[in-house]
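Peer 1: Residue strings, one per chain:
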Amino acid sequence: MSGLLINLDNSFRERLWKNLVIAIPYLWLLLFFLTPFLIVLKISLADPIIAQPPFTPFFQETVDGSFSIYATFDNFLYLFQDSLYFVTYLSSVKLAFISTFFALIIGYPIAYGIARSPQPTRNILLLMIVIPFWISFLLRVYAWMGILKTKGLLNGFLLWIGIIDQPLDLLYTDTAVYIGMIYSYLPFMILPLYANLEKLDIRLLEAASDLGAKRWQVFKDVTLPLSLPGIIAGSLLVFIPSIGEYVIPALLGGADTLMIGRVLFDEFFLNRDWPVASAVAIVLVLLLVLPIVYFQKRQSQESMQNSSQAVT
Amino acid sequence: MNEEQKSYIEIRGISKYFGNFAAVDKVDLDINKGELFSILGASGSGKTTLLRMLAGLETPSEGTIKIDGIDMTQVPPYKRPVNIMFQNYALFPHMSVFDNIAYGLKKEGLSKDIIEDKVANILSLVKLEEYGKRKPNQLSGGQSQRVALARSLIKEPKVLLLDEPMAALDKKLRQSTQFELVDIQFQLGVTFIIVTHDQEEAMTLSDRIAIMEQGKFVQIGEPNSIYENPNSNFVADFIGNINLFNAKITSTNDDNASFYCEALGGEIVIKKSIQDQNVKDVTLALRPEKMIIQKESPSDEDTNFISGVVEDFGYFGNLSIYRVRTNNGDIIQVSKQNRMRTEQPIKWEDEVYLSWDNENLIILEK
Amino acid sequence: MLNKRSKFIFSMLCFGFAFLYIPIALVVIYSFNDSKLVTIWGGWTLKWYVELFNNENILNAALLSFRIAAITATFATIFGTMAGLILARLKQFRGRMLFTGMIASPLVMPEVITGLSLLLLFVSLQDLIGWPSQRGMNTITIAHITFSMAYVAVIIQSRLTEINESLEEAAMDLGAKPARVIWDITLPIIFPAMISGWLLSFTLSLDDLVISSFVSGPGSTTLPMLIFSKVRLGVAPDINALATILIAIVTIGVCIAAAIINKKNKN
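Chains as they are written, first to last, in my numbering: chain H, 1 to 312; chain D, 1 to 366; chain E, 1 to 267.
No wet-lab data here; the hints were simulated from the structure. In this text, all values refer to a predicted model and were calculated from it rather than measured experimentally. It cannot be assumed that every hint is accurate.
Restraint ranges, calculated between C-beta atoms of paired labels, are given here [unchecked claim]:
1. H:Leu228 x E:Glu51: 50 to 58 Å
2. H:Pro225 x E:Ile249: 38 to 46 Å
3. E:Lys7 x H:Leu127: 19 to 27 Å
4. E:Lys7 x H:Ile202: 51 to 59 Å
5. D:Lys33 x H:Pro118: 54 to 62 Å
6. D:Glu351 x H:Phe219: 27 to 35 Å
7. D:Asn246 x E:Gly95: 52 to 60 Å
8. E:Asn60 x H:Pro118: 44 to 52 Å
9. D:Lys33 x E:Ala258: 55 to 63 Å
10. E:Ile249 x H:Pro118: 49 to 57 Å
11. H:Pro225 x E:Ser35: 36 to 44 Å
12. H:Ile232 x E:Ile256: 31 to 39 Å
All C-beta atoms, glycine included, are put in the ideal place defined by N, C-alpha and C.
Construct all of the structure, not just a fragment, from the sequences and the given hints.
Peer 2: Okay, here's the thing in structure tokens:
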């Protein structure tokens with residue numbers, strides 16, 4: 001199909017105008033998104049030195065005045081030799097995975113409940129899911145510090161009702177990180193699930209129960225399989241940002257909470273080892289490529305389906 | 001129609017490829033000035049793509065389009081003397097009815113007074129004088145359609161293209177709107193090209209119809225000639241109901257052709273010569289209303305008839321349609337006007353006789 | 001009567017919203033607590049608000065953050081709208097694949113990597129051409145525009161795919177050139193989406209800690225950076241007060257927006 005921007009009139013002004021619309025965002029992204037990324041790749045192949053900037057140049061001038069390329073895989077080898085990094089990557093994936101799982105367990109019934117509530121209530125509930133989105137992420141994570149402290153509100157409450165007689169160590173542990181992650185990313189899980197469940201044709205459920213399925217069978221046989229796209233979208237939206245998370249482990253996690261975003265941050269700012277930090281970043285991207293590509297493939301498939309439905 | 005007269009719209013060898021798929025495949029078409037022309041086809045037949053090429057919204061892969069003698073093939077839509085009424089009307093939701101209709105005139109740079117005059121005129125033509133200030137979402141389906149019509153007519157295009165103009169209306173409204181449309185077309189004398197999948201709509205509205213299938217025209221002609229003289233099995237089946245029978249040519253001379261048709265009871269002679277001597281297998285087609293159904297055996301010796309049993313029938317008030325199973329197992333559709341209130345109706349399992357005039361048989365070469 | 005399943009769903013809804021809102025509510029309540037300790041209620045006070053408004057560091061950081069956010073939102077909306085238009089309406093041009101990838105990637109790229117890579121770019125640029133001579137508000141703004149415009153592009157693109165292209169074709173058919181069509185038809189219709197994009201960019205920019213930490217320079221501490229350095233050491237009552245003010249602004253803003261949308265839908 002021809003589109004609005006397909007040039008039908010090859011007049012100079014129209015062409016200039018169209019090229020400008022493409023060029024501005026294109027060049028911006030080339031300069032400020034792609035180039036930086038290539039620089040990270042370049043620096044990950046350099047040696048650290050004590051200088052400004054603290055890494056060996058990619059092009060080096062040799063004795064005879066020509067240039068040679070200097071590249072080393074030492075930083076990547078270092079990541080594999082030092083078990084700390086390997087353990088940290090694994091631990092990031094584990095933390096992200098478990099957080100995603102719990103976000104799904106908690107988010108699914110909420111999304112379902114919202115999708116099944118009558119219209120005016122539904123909009124209000126949805127609005128209430130969205131509002132935390134707009135409130136500072138940092139402040140929402142911070143809010144948990146006061147709750148999870150040893151002398152915090154949760155311990156105070158638990159002591160008061162008598163479940164425990166010794167305050168629990170919650171803040172600065174992995175548990176706190178889990179809570180923070182689930183709390184922060186829950187809306188990311190609920191919204192795609194809601195969007196999916198809201199579209200679910202109630203007559204399908206009625207048909208299933210008309211054909212003799214019990215309530216839980218209706219759920220298992222109809223609702224759950226049909227909501228699978230929503231489950232996958234929500235899970236990826238929680239999983240992907242969780243892996244590289246920095247703020248939550250930095251504020252709620254303990255010294256032994258290993259997350260790759262935090263290690264990268266420390267490597268860069270505390271150790272000032274830019275090449276290793278770059279190598280950490282490259283490996284992190286490689287780790288994310290698979291879920292991201294999968295996610296985008298699904299998204300484009302879905303939008304293709306939607307647009308083909310719109311045509312017919 | 002005068003063949004010598006130069007046609008108003010000349011389409012020559014137009015194709016549109018999407019990848020390897022030919023949506024429109026080397027189509028030629030001539031349309032006369034002031035004609036109400038329909039392009040009829042199923043969805044995916046390429047009719048909308050052809051319309052969009054006429055509007056300039058799609059660039060042809062090959063071929064030329066001339067309107068009033070001027071080559072329009074590469075002219076962008078905003079410079080063509082052609083306007084289109086979209087299937088979903090495409091009324092600008094953020095503009096009032098007045099602004100929607102005035103949009104095209106504003107782009108021409110006309111003065112405010114002239115625009116107001118013209119819009120007022122066209123609003124009265126489509127009987128929406130009071131609706132200028134409304135927004136599109138405050139209009140009914142029929143009103144939206146009329147606003148869309150007014151908007152596409154206000155620039156007095158040489159050709160108006162209508163993409164499924166009735167598709168969004170309900171059945172009752174559709175009929176009255178059809179007549180209004182023909183009326184407006186007659187008043188303004190603008191050439192109309194209508195794209196539709198609805199054969200009834202095409203039959204009632206058009207001066208001529210082109211039937212499109214897989215990117216090509218299979219038949220072009222006036223509605224009654226297409227109905228009475230379809231040139232292929234496809235057209236015969238596509239337009240209205242029809243019974244198709246396999247037959248073999250047994251002999252042919254300058255005046256007559258003889259056929260053997262099992263389903264119609266054997267030997268059939270039709271006053272028509274077959275040009276191509278190689279043709280042996282043909283299809284004989286017979287419309288349901290061209291047959292008479294009765295319980296008594298026809299008395300006239302010359303009349304062709306076969307007998308059968310009523311398997312099924314539908315009562316439509318003005319007429320009834322019967323499905324009759326003949327003695328050799330074929331199903332034939334017959335319609336019957338319900339002329340008498342007191343008539344003894346024919347029912348299921350009734351033994352019936354079907355008779356016809358051989359001149360009503362259509363010979364379709366395979 | 002509620003059946004068993006409805007009871008379960010209902011209690012999950014209650015639990016979910018309690019989970020989402022109790023921490024926020026507690027921050028608001030404790031911003032009025034006279035005692036510095038979280039567990040002890042020392043009576044109502046406004047002293048943290050007074051302290052907040054007397055803290056020049058916080059006010060300067062807030063001012064800087066708001067300025068960055070406003071500039072970011074404006075440019076991100078312009079660039080993002082262009083990008084969204086390209087994605088939705090220009091089906092083929094050279095380099096489209098790369099463009100699509102570059103728009104989608106910032107959305108999923110971990111902040112630490114975006115921050116690191118932009119800092120390395122700025123350092124390299126400074127080395128090569130002497131610009132930016134120092135990092136601060138300008139570099140933070142550039143970084144924020146880059147990731148915010150991706151969000152705007154996605155919003156605009158999804159809005160445009162909802163809009164039938166025949167609206168734009170109709171305008172062209174009636175004599176408007178493509179550039180004119182965008183101005184007369186496309187932009188007015190996607191204007192609400194552009195507003196959402198602007199607000200989202202503003203919030204994202206105002207909220208960003210990690211990327212700003214990488215690309216900021218001496219003397220340009222944004223509000224989240226200041227908050228982070230304070231709360232890293234523990235709970236701070238004046239931050240509670242600040243959080244309360246921000247929460248109030250957001251809640252009122254979202255409710256107004258919802259009311260406007262609601263009213264529009266009813267018309």
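Peer 1: Compare the structure with each hint and give your call.
Peer 2: Here is what the structure says about each hint:
{"no.": "1", "hint": "H:Leu228 x E:Glu51: 50 to 58 Å", "verdict": "holds, 52 Å"}
{"no.": "2", "hint": "H:Pro225 x E:Ile249: 38 to 46 Å", "verdict": "holds, 43 Å"}
{"no.": "3", "hint": "E:Lys7 x H:Leu127: 19 to 27 Å", "verdict": "holds, 24 Å"}
{"no.": "4", "hint": "E:Lys7 x H:Ile202: 51 to 59 Å", "verdict": "violated, 20 Å"}
{"no.": "5", "hint": "D:Lys33 x H:Pro118: 54 to 62 Å", "verdict": "holds, 59 Å"}
{"no.": "6", "hint": "D:Glu351 x H:Phe219: 27 to 35 Å", "verdict": "violated, 57 Å"}
{"no.": "7", "hint": "D:Asn246 x E:Gly95: 52 to 60 Å", "verdict": "holds, 59 Å"}
{"no.": "8", "hint": "E:Asn60 x H:Pro118: 44 to 52 Å", "verdict": "holds, 49 Å"}
{"no.": "9", "hint": "D:Lys33 x E:Ala258: 55 to 63 Å", "verdict": "holds, 56 Å"}
{"no.": "10", "hint": "E:Ile249 x H:Pro118: 49 to 57 Å", "verdict": "violated, 31 Å"}
{"no.": "11", "hint": "H:Pro225 x E:Ser35: 36 to 44 Å", "verdict": "violated, 53 Å"}
{"no.": "12", "hint": "H:Ile232 x E:Ile256: 31 to 39 Å", "verdict": "holds, 35 Å"}
Comparing the model with each earlier hint shows violations of hints 4, 6, 10 and 11; every other hint is respected.
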